[in-house]
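S.K.: Now for the letters of each chain:
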Amino acid sequence: MTDVPVSAPRNEGLARMLYRFRQSRLSMIGAVMVALVLLFAVFGPVLAPYPEHVAGGVDTAARFQPPSPAHPFGTNELGQDVLSLTMAGTTVSVLAGFGVVLIGAVIGTVVGAVAGYVGGWTDEVLMRFTDLTLTIPGLILAMAIAAALGPGFQNMVLAISLSWWPGYARLVRGEVLAAREEVYVTAARATGAGPGRILFRHVLPNCVSPIIVKMSLDMGFAILTVAGLGFIGIGVRPPTPEWGTLLSNARSYMPDYWWTAMAPGAAMFVAVFGFNLLGDGLRDILDPKGRR
Amino acid sequence: MIRFILRRLLLLIPVIIGLTMIMFAIARLLPGDPVGLAAGPNATAAERAALATEFGLDRPVWEQYATYVGGLAHGDFGTSLLTRRPVGADLAAYLPATLELVFAAMFIAVALGIPLGLLTALWRNRWPDYVSQVLAIGAISMPRFFLGLLLQLCFAMWLMWLPLGGRLPIIVFPPQPITGFITLDALLTGDWQVFTTALRHLIMPAVALSLSPLATIMRMMRASTIEVMGQDYVMTARALGLPRHKILGRVIARNAVSATLTVIGLYFGWLLGGTVLVETVFDWPGLGLYATKAILSQDMMPVIGVALVIGLIFVLANLVIDLAYGLINPKVRYA
Amino acid sequence: MTAPLLEIRDLHLTMRSFHGEAHVLNGVELTVERGQIWGLVGESGCGKSLTGLSISRLVSTPPGRYPSGSIRLEGQELTALPPRAMQALRGKRIGMIFQDPTTNLNPTARIGTQLVDVALAAAAHDPRVLGRDRAPGPFARKAAARKVAVEMLARVGIPDPEARMLSYPHEFSGGMRQRVLIAMALIGRPELLIADEPTTALDVSVQAQILKLLKGMVSDHDIGVILITHNLGVVSETCTHVAVMYAGNVVERGPVGEVLGRPRHPYTRALMAAIPTRGTARGALKGLEGTVPDLVRPPPGCRFAPRCARATADCAAGLPAMRAAGAGHEVACLHPIEEPADA
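Chains as they are written, first to last, in my numbering: chain A, 175 to 466; chain B, 324 to 658; chain C, 3 to 345.
The shape of chain A in the complex, shown without the other chains (with noise of 0.2 Å):
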């Protein structure tokens, strides 16, 4: 269209910060809701109204109440607050999220890395076994490795980051790709900069807004697969409160002791929506190439 001249180019940037800001009003709401989730993360334990519970207590004479103002989300079959069990539920979620993402991350990097950078048979080699890794249903692949490692929140985390790691390699080798090809690393390289240094300096910090996008969407999921293999028995054992085992717990309860079930499927619902809409947000500011 038209060439109109621009009037101020200071009090544009601001302007078009302010814009995006507007039109990323949901991602604002995300991040408060992924701030309150943090906030259980860390001071869970110390927030709920009975620690005791969540330290293993029980209370078998108050077993099974339904939601009331001292209980509001109802008691367990061992008498537990289902409130405090979740709000302490949280660190191991996001916790184990956050590991899940960073490790699979960190993988993905290395070899998306070296495979774009290096290219050849290396670059083949290392791309077909990604392929091949993802075409492994991703949750059959971590249940196989959690079985096998064995129960713990190390095992758990270890054996989703195994399976985790095959979409930032192709999408770590596709901006090496790109950025090999950009002008200033050609310039790098005449000025006799070697790989490594090129790698790390150049082409390395292009990736990272693609990565860290990836990564707030990414931990929704994370968050959902924890709680899936704690769903199906695998993972963090009691009495240590995860979400999926207790909402697993819960399903042995109903339709009588229903609410048994609410808070853990709410907390789980309440901290992948926040993720996914912060990340969705992040992805229209950070990396507008991305948008879809």
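If you are wondering where the hints come from, they were derived from the structure by calculation, not from laboratory data. Glycine included, C-beta positions come from ideal geometry on N, C-alpha and C. Hints may contain errors.
[As the list claims (entries may be wrong)] Computed cross-link-like contacts, DSS-like style, restricted to lysine-lysine with a CA-CA straight-line distance of at most 30 Å:
1) K144/C to K569/B
2) K149/C to K217/C
3) K214/C to K149/C
4) K569/B to K149/C
[As the list claims (entries may be wrong)] Derived DEER-like restraints, expressed as beta-carbon distance ranges:
5) I494/B to G324/A: 54 to 64 Å
6) R67/C to G572/B: 28 to 38 Å
7) R11/C to A209/A: 39 to 49 Å
8) E298/A to R67/C: 25 to 35 Å
9) D452/B to G176/C: 31 to 41 Å
10) P85/C to G553/B: 40 to 50 Å
11) A209/A to G393/B: 52 to 62 Å
12) V280/A to A396/B: 33 to 43 Å
13) P85/C to S242/A: 53 to 63 Å
14) G326/A to A389/B: 46 to 56 Å
15) D452/B to E76/C: 50 to 60 Å
[To be verified] The following residues of chain B were derived to be distant from chain A, with all beta-carbon distances above 10 Å:
16) P337
17) V338
18) A372
19) M465
20) G489
21) I494
22) L507
23) V517
24) G596
25) T603
26) G634
27) A647
For chain A, the structure is supplied; the task is to place chains B and C on it using the hints.
M.R.: Structure of chains B and C alone, referenced to chain A:
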């Protein structure tokens, strides 16, 4: 065209080899005590050794692998350590249930997601669009197993409109297997009663499974519709007075769908593995439930079999999508 | 006296943009009669394409807005027409051809289908498009539309049209695609054809064929054409009349020989000076100083004044009115150039 398909089918061989290698590595190289679990807590050392010998678990990993791949060539998927049933027969029994579920879910997702995506693109930046965007992210964020529980609670336990789980009640005889899909087989054999029963069992798991692909397809369709609406040929169609329904259908929808198709293909493969939780909630006798039970007892042959079958279907689904893409978008035919 | 084929009076259009509301059309005036080919020329962004789109009401509102103006097709006011009635005119009475033949055909439909669709849409409002007086049944209508489409493809010079109906756009060369687009624009037998840079994306040799084809269509069907272009060579070869636009105004218009032979407006003169001819001495080619004005805050009065060597204080006082400058030749300038061109 034929050569294109053959070439793609040939690619299945390295996929099979690669998949079995990865799964074997997990099964045999990671710590874990499948023999102990299968033999039971009271088994003596001799009994364990006998079991290990029977299943060849005492031999080197590469030898076990060679035996397995050799068996695969004859259609032998190995034997379950726990049930001693041939894995191939189990897969044949459970695969149709999973496929039926996935097809039903994909049907719902595509049948609703494509028109909804088109509509929200037309309503772009008005309130129904905003609302549906938020709902879509919400749908993607909803844990499928929690949704399944809520559906069960609501429709099976309180309202009692739908059965709680399973494919068919035990007292109902399944129809003659033709396709392996109970709903379809019942229709083909003209058994209405079984058809409605099977359909009522299928509804909740299919809905629970379909929600997130529905939302993703809707968002994808919305994005590609918006992109297509800005194309020159849409302006030309308008400038030449084509009626609105033709511009929408022939010009916009067709081009937008061809961009959305790739996502549908990816999702199909993804759903095959994503049924695990839904199958667990609804006690649906499919591959996911089968794999879960096997994994929990570290019975690896069934797990390798399931991963193999799903991986192959994943590759085949992508081939089908590529072919369909060629049908819709003539430019990429036989690419 | 009958009403002219197309009469645009005082057409104003503003576009909402990030920077504010831009006054992109500022009182455009243009009259086209049957048999005339009007060249609409000017720099990019001067509003020539938007004028063309405005006639078919294809500028989306918002971001566009029409504060005032009148567009009449044989006396019928188009700006007040309801959308359905407007859609009925498009493709039927007003045909359009756009610049880039590679992007203006639907890539997923066969050539034949696209032509038949346009023919059917036009026939819904005028069954004579299919060569009949009354609308026949759906099957017969489709068959008739197919026949008309094949004829049309043959007319625009596509060899073996019957077989080509089944082809997809990507199987055609750029020139062939543009022929198909022309066939699509003409299949509804329009009275007015708007061609927006129809040859810019084509080779010079193909360009000449397409222009010849267009000219032939005008003389065969007695239609009026608006040819939007920035190529004055195309104008002098093809058009009967020319209108020069600058920043949303028609600044000079008249018969092609008059305007290009004795350009009166300093802007027209500058445009022509920017074209090399055989007589141009090395280094004598002159570009135009400055850029198109800010349309959000346009300069007062004549919009060309800031770039004009002849501008005086009165130029900023108000938009100069059109005044006669020869036979059918009009210019909107307070200080038109009187001396002949290559002085």
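S.K.: Would you mind marking each hint as holding or not holding in the structure?
M.R.: Structure-based check of each hint:
Note on K144/C and K569/B: the hinted pairing holds, with a Cα-Cα distance of about 15 Å set against a maximum of 30 Å. Between the alpha carbons of K149/C and K217/C the distance comes to roughly 24 Å, so the proposed pair stays at or under 30 Å and holds. At most 30 Å may separate the alpha-carbon atoms for a hinted pair to count; K214/C and K149/C meet this at roughly 24 Å. Proposed proximity of K569/B and K149/C is supported: the alpha carbons are some 21 Å apart, at most 30 Å.
Between I494/B and G324/A the beta carbons are some 41 Å apart, a value that contradicts the proposed interval 54 to 64 Å. With their beta carbons about 31 Å apart, R67/C and G572/B fall inside the hinted range of 28 to 38 Å. Between R11/C and A209/A the beta carbons are some 60 Å apart, a value that contradicts the proposed interval 39 to 49 Å. For E298/A and R67/C, the hinted distance range of 25 to 35 Å is not satisfied, since their beta carbons lie about 57 Å from each other.
The given range of 31 to 41 Å is respected by D452/B and G176/C, whose C-beta atoms sit roughly 37 Å from each other. The hinted range of 40 to 50 Å is not satisfied by P85/C and G553/B, whose Cβ atoms lie roughly 20 Å apart. Roughly 57 Å separates the CB atoms of A209/A and G393/B, a value that falls within the hinted 52 to 62 Å. Between V280/A and A396/B the C-beta distance comes to about 39 Å, which sits within the given range of 33 to 43 Å.
Take P85/C and S242/A: their Cβ atoms lie about 60 Å apart, and the range 53 to 63 Å holds. Look at G326/A against A389/B: about 33 Å separates their beta carbons, and that is not inside 46 to 56 Å. Distance hint check: the CB atoms of D452/B and E76/C are about 40 Å apart, inconsistent with the given range 50 to 60 Å. Its closest Cβ contact with chain A, about 8 Å, brings P337/B to no more than 10 Å, contrary to its assignment away from the interface.
The beta carbon of V338/B sits about 7 Å from the closest Cβ of chain A, which is not more than 10 Å, so the claim that it is off the interface is violated. For A372/B, the condition that its CB be more than 10 Å from all CB atoms of chain A holds, with the nearest at approximately 21 Å. A beta-carbon of chain A comes within 10 Å of the beta-carbon of M465/B; the shortest separation is about 6 Å. Non-interface status of G489/B relative to chain A is upheld: no Cβ of that chain comes within 10 Å, the nearest being about 16 Å off.
Every Cβ of chain A is farther than 10 Å from the Cβ of I494/B; the closest lies at roughly 23 Å, confirming the non-interface assignment. The Cβ of L507/B sits about 24 Å from the closest Cβ of chain A, beyond the 10 Å cut-off, so the non-interface label holds. With a cut of 10 Å on Cβ distances, V517/B stays outside the contact zone with chain A, its closest approach being about 27 Å. Here G596/B does not stay apart from chain A, with its beta-carbon only about 2 Å from theirs, under the 10 Å limit.
Remark: the non-interface label on T603/B conflicts with the geometry, its nearest Cβ contact in chain A lying 6 Å away (cut-off 10 Å). Residue placement check: G634/B does not keep its beta carbon more than 10 Å from all beta carbons of chain A (closest about 4 Å). With 10 Å as the threshold on Cβ separation, the claim that A647/B sits away from chain A holds: the shortest Cβ distance comes to roughly 19 Å.
Hint compliance for this structure: hints 5, 7, 8, 10, 14, 15, 16, 17, 19, 24, 25 and 26 are broken, all remaining hints hold.
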